[in-house]
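2 protein chains.
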Amino acid sequence: MSILGIDIGGSGVKAGVVTPEGEILFHAKVDLAKGQSKETAPILEAATLAGREALEGAAGKGVRATAVGIGVPGVVDAKNGVVVASANLEGLRGVPLAGILGDALRLGARLANDANAAALGEAKYGGHGKLDSLVLFTLGTGIGGGIILDGKIVTGHNGYAGELGHMRIEMSNPRPCGCKRWGCLEAYAGNLSIVKRTHEALAEDWKKTSCLHVPAQDPEFNAAQVFDAAKLGDPLSIRLVNETALALAVGAVNMIHALNPQLVLFAGGMTCTGDWFLELIRSLAKDLPIEGVDIHGRIGFAKLGEKAGVVGAAAVGAG
Amino acid sequence: MSILGIDIGGSGVKAGVVTPEGEILFHAKVDLAKGQSKETAPILEAATLAGREALEGAAGKGVRATAVGIGVPGVVDAKNGVVVASANLEGLRGVPLAGILGDALRLGARLANDANAAALGEAKYGGHGKLDSLVLFTLGTGIGGGIILDGKIVTGHNGYAGELGHMRIEMSNPRPCGCKRWGCLEAYAGNLSIVKRTHEALAEDWKKTSCLHVPAQDPEFNAAQVFDAAKLGDPLSIRLVNETALALAVGAVNMIHALNPQLVLFAGGMTCTGDWFLELIRSLAKDLPIEGVDIHGRIGFAKLGEKAGVVGAAAVGAG
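Just so you know, the protein sequences line up as chains A and B, in that order. Position one of the first sequence corresponds to residue 3 (the numbering used here), numbered consecutively onward. Position one of the second sequence corresponds to residue 3 (the numbering used here), numbered consecutively onward.
No copy is singled out in the list; a pair is fine if it fits within one copy or between any two copies.
Dumping the calculated DMTMM-like pairs for lysine to aspartate or glutamate here, alpha-carbon to alpha-carbon at most 20 Å:
| id | residue 1 | residue 2 |
| --- | --- | --- |
| 1 | LYS81 | ASP152 |
| 2 | LYS209 | GLU222 |
| 3 | LYS154 | ASP134 |
| 4 | LYS182 | ASP296 |
| 5 | LYS31 | GLU308 |
| 6 | LYS182 | ASP289 |
| 7 | LYS182 | GLU293 |
| 8 | LYS40 | GLU293 |
The set of hints was computed from the structure by calculation and includes no laboratory data.
Model the full assembly from the supplied sequences, consistent with the hints where possible.
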């Protein structure tokens, strides 16, 4: 059975019909104009349009989707298919999205938080073998996550489980986090924090020794440039990448101690840096677990990449 | 249906028949002599003896147990009822305990880690209302834990889920932990760490200002004395108790962000200190969650106290 996946983000909607093997048969994309993410109607229209396009495209190939799954950033009441709150899609607050899109597309619909959906997609279609339990960290500007146990998303009592970026990992000298709290994983390993830490280090005494001082003046300067410079041997960049990897290793091993999942995976742009970064995280993680806890082969990178949004949503729709 | 609960520890076995309301009808206790915890036969004999005594005692009151649940410290293969490893009960390593005790007592038997069992007991019989999800921290010499989701124990892929004491909460200046790693929650909030931190502080410059310098010379000196001195206004003790409470608050909120359970509870000797310590943890926790995460009423103390071992084991037996 093929499933329609609809991935709604602040800048637009992606939709696709996904085969039981996790292949996207037909892909549709509808952008949201600036400001539209604050209104309900344009989001619903964009999602319906993208969904219909994907359904029609797949029908043209002779494939009918039997259900729809929807992923949105924010807190979700999965049971009732309602968006509780979404910072990037204010127009969806309180909207019974599963019911509305299900009716419009004439398909049974299920709703999940997008990072939770990505975790389920990775568990089902990521090619990691039979995977019943998984902790996924989504690395972007900030850090989110999703937890799969017994093959199902852990939504939590109020629907916000998986806020792994705000696990506090530093007490005595905590960095401020975007959430206005202190010492969160995100404050050490989020893309934005890497940029901030670069600027801070350059303002201190790294300016003379790091090649980053020129690119860092560009307002578009980003974490990927720090990773590139680290590969070229820039000492500040190497330090920053090492700190990032250690923070991620601690986050991963904390979740391994708590939940003992089959796998912990990292997803997002940072995982495009290549295997050397994964090996760095793994080598730092090796010394962290207590005796008897074997983490060999337990930490990896997600494999769905750009497809994670749509494929994850479809995994939710598959139920 | 009443259930027999058997709680096996390094110093002995406790057993009791537990009613559906969580009351222990009859209680039996068999001590292990020194060194016996390293041998298989004496542990099995003690457990069988305690179990039979409890069954007979309950039968004398007209109550028959319909199943048996067993709690042991260590890593457990719950599915097959086998003890994988146990530091305090080396004699049980590799022993198919559920099968052996079930046969001996002629009851269907289930096995769980003792902290996991305590969490299930607290969820079922702790008087917290309908409780489907719970994170329990067990505070003792070290710190363990148990996680309940959807009314069931999260055992993890290899049976060691719930190692909450080794969640790392400090990166830049980590204390050494009993597990030989660094910065674990246990290194800040375990009873042993409180004693160690007291000695360290007294060796620095607190000797003149803290009343602890006399009792701390006693080899029996323990964390409870630090809590007592804090209540009397001793400044060092207040600092140590505050640090302990903050570490516990961070541990609790980290798990709330990750799993969004209905409740996070603390169990163990430290919770006998009274409501002021719980209120201290709560007040420190209040500032830790991200926006939208309401932790009011979410953090508390366990209620089963001394009964947790036997009642938790019975909860496991009830399945």
